[in-house]
Amino acid sequence: MTSRHRTKDVQWESLFALQDKPAMPLQQRLRMAAVEAILEGRLPPGATLPSSRELAKALGLSRNTVTSAYMRLIDDGFLEAHPRSGVFVKVHGDPRPSGLAKADWRAKPLPEPVRTPQNQPEREAPAMAQLSSPDWSARLIRSLSDRRTLAKPDQWRQYPYPFVYGTFDPQLFPTEAFRECCVHSLARVHLPQWTPDFELSDVPELIEQIRLRLLPKRGVFALPEEILITVGAQHAYYMLGEALFDAQSRVGLEEPGHPHARNSFASRQPQWQPLAVDDQGLVVDHLPPLDYVYVTPSHQSPTTRTLSLERRKRLLALAEQRDFVVIEDDYEAENLYVGEPMPALKSLDKVGRVIYVGSISKSLSPSLRLGYIVAPRALIAELRVLRHAMVRHPSAFLQHAFAHFLSLGHHEPHARRVNQALQARMQAVGESLRRELPDFQFELPTGGASVWVRAPDWVDTAELALMAREQGVLIEAGEVFFMHPPYPCPYFRLRLSSIGLDQIGPGIRALALAVHALAQARGVPRVLARLH
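According to the working numbering, the residues represented by the sequence shown are 1 to 532, in order.
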């Protein structure tokens with residue numbers, strides 16, 4: 001048997017027989033079937049798998065489901081992909097499943113341990129042998145793992161060109177300034193200010209810095225009892241969904257929109273209403289009947305469009321006329337390179353119909369996880385109780401250190417430095433895209449940290465993302481941003497927060513090679529000739 005043998009004689013329907021577990025997502029069941037076939041030797045090392053198109057047709061699944069499963073199996077070390085060759089069972093290496101794949105891999109009961117008279121009486125062995133693991137797919141009241149979300153390989157740092165979300169360039173971190181603030185908080189004289197259990201409260205110094213330093217820049221003025229600290233913006237989304245939504249709530253979300261917000265709201269299973277966006281952000285005319293609208297007006301996620309002032313005023317007028325509430329996520333508002341910042345929706349709100357969500361730590365590092373909500377005090381009082389039931393309160397040490405970071409004026413120069421770096425990267429990615437992929441459509445934003453790109457209609461960006469990995473490039477396929485994605489989905493996002501300026505040109509060139517490989521697989525001669 002050769003190391004790269006074809007398995008055309010294999011009946012894929014039998015080899016990838018999916019377990020009858022309706023509560024488990026199809027992608028997860030497909031991964032389980034593949035892992036079992038590999039571990040049991042039915043798919044030996046070097047075996048060639050069918051293309052995502054072929055396997056989807058054979059199993060009656062969507063191509064996105066198969067492509068997502070392949071990408072996860074590659075990340076977990078079970079498969080490897082080679083441009084213009086296909087996807088293969090990995091020949092060498094120790095597969096290390098992550099996340100759900102790890103749970104799937106270990107789903108079978110473990111062998112019985114060797115028992116001795118010292119650790120287990122012999123008479124209990126028959127009863128112990130009859131025990132089996134619980135069927136968790138049957139016990140879960142709803143599937144949580146089938147929610148489409150932004151994901152990147154655990155080993156994303158090993159890729160030379162990571163255009164992905166949730167990362168940060170360590171060279172931009174204000175190490176000296178933040179160390180100074182942490183040391184300040186650790187001084188014995190300051191320990192009483194953050195070491196007690198704060199129960200329902202927050203560190204008052206941080207609340208004051210948000211009130212006096214951050215919010216006024218957005219035109220927002222609030223009392224201390226109208227501000228609540230959260231474990232990042234996503235924590236804020238989840239709490240708002242838990243406190244406000246139920247199965248009858250009509251919730252409008254931008255389409256395309258922020259998948260993390262959508263997933264955080266989903267636990268209450270509201271009635272989703274997709275709302276169109278264009279080059280001015282959310283389209284506010286012809287809104288359906290709504291109870292809540294979630295919007296990212298500063299830099300719409302993922303298109304980076306800014307909601308015009310006229311539409312902001314119109315949205316607030318409609319909210320009052322039709323009695324709905326606006327949840328404003330001031331996404332990347334501080335990342336502005338050109339022009340003056342647009343006032344926050346909350347700054348225009350005169351009757352308390354806007355709930356404002358902001359982030360304190362995102363400009364330093366997304367892993368620090370500190371955000372906040374500004375809302376009427378009655379709602380904040382209820383959210384405090386809900387937060388206490390979940391996490392009691394965010395780290396008081398981080399709150400105290402961040403308060404000192406803000407009070408010393410470190411935040412403003414750090415934000416300027418980050419914006420200068422992002423603007424240079426934005427210009428570089430624009431030049432590279434125009435040079436390497438002239439048929440791809442995009443518009444550079446005036447701020448933010450990403451570029452939304454539309455590929456030609458023949459490109460399925462889920463498949464392109466898979467091929468790009470083999471060139472060392474990580475991109476975010478656009479399907480995850482849509483509630484109702486087009487198929488094939490021609491959109492993708494390039495995130496610039498972690499990739500260095502010198503890596504952008506080579507990274508886009510490597511992406512063009514992946515497009516070339518996809519064009520060759522599809523037989524698109526005009527594209528091949530131009531890319532050559």
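Keep in mind that the hints are not guaranteed to be accurate.
[To be verified] With a Cα cut of at most 25 Å, we get these calculated DMTMM-like pairs of lysine to aspartate or glutamate:
(1) K350 to E340
(2) K152 to E80
(3) K152 to E208
(4) K152 to D169
(5) K90 to D135
(6) K350 to E382
(7) K152 to E225
(8) K350 to D169
(9) K57 to E36
(10) K217 to D246
(11) K313 to E340
(12) K90 to D169
[As the list claims (entries may be wrong)] Quick list of simulated restraints, FRET-style, between CB atoms:
(13) R188 to P160: 43 to 49 Å
(14) L348 to G409: 44 to 50 Å
(15) S367 to E225: 27 to 33 Å
(16) E225 to L348: 35 to 41 Å
(17) S367 to A276: 30 to 36 Å
(18) G60 to T195: 40 to 46 Å
(19) G60 to A317: 37 to 43 Å
Think of the hints as simulated: they come from the structure by calculation, not from any bench. In this text, a Cβ means the ideal position worked out from N, Cα and C, and glycines have one as well.
Each hint tested on the structure:
1. K350 to E340: Measuring from Cα to Cα gives roughly 23 Å; hence the hint holds.
2. K152 to E80: Holds. K152 to E80 sits at ~16 Å (cutoff 25 Å).
3. K152 to E208: violated, 36 Å
4. K152 to D169: holds, 16 Å
5. K90 to D135: violated, 30 Å
6. K350 to E382: holds, 22 Å
7. K152 to E225: violated, 38 Å
8. K350 to D169: violated, 39 Å
9. K57 to E36: Within the cut-off at roughly 21 Å; holds.
10. K217 to D246: This hinted pair is violated, its Cα atoms lying about 34 Å apart.
11. K313 to E340: holds, 18 Å
12. K90 to D169: violated, 31 Å
13. R188 to P160: 43 to 49 Å: Taking Cβ atoms as reference, R188 and P160 lie about 46 Å apart, which means the hint holds.
14. L348 to G409: 44 to 50 Å: About 28 Å separates the Cβ atoms of L348 and G409, which means 44 to 50 Å is violated.
15. S367 to E225: 27 to 33 Å: Since the Cβ atoms of S367 and E225 sit about 29 Å apart, the hinted range of 27 to 33 Å holds.
16. E225 to L348: 35 to 41 Å: violated, 22 Å
17. S367 to A276: 30 to 36 Å: holds, 34 Å
18. G60 to T195: 40 to 46 Å: Violated, since G60 and T195 (Cβ atoms, about 59 Å apart) do not stay within the stated range.
19. G60 to A317: 37 to 43 Å: Hint violated: Cβ distance 49 Å, outside 37 to 43 Å.
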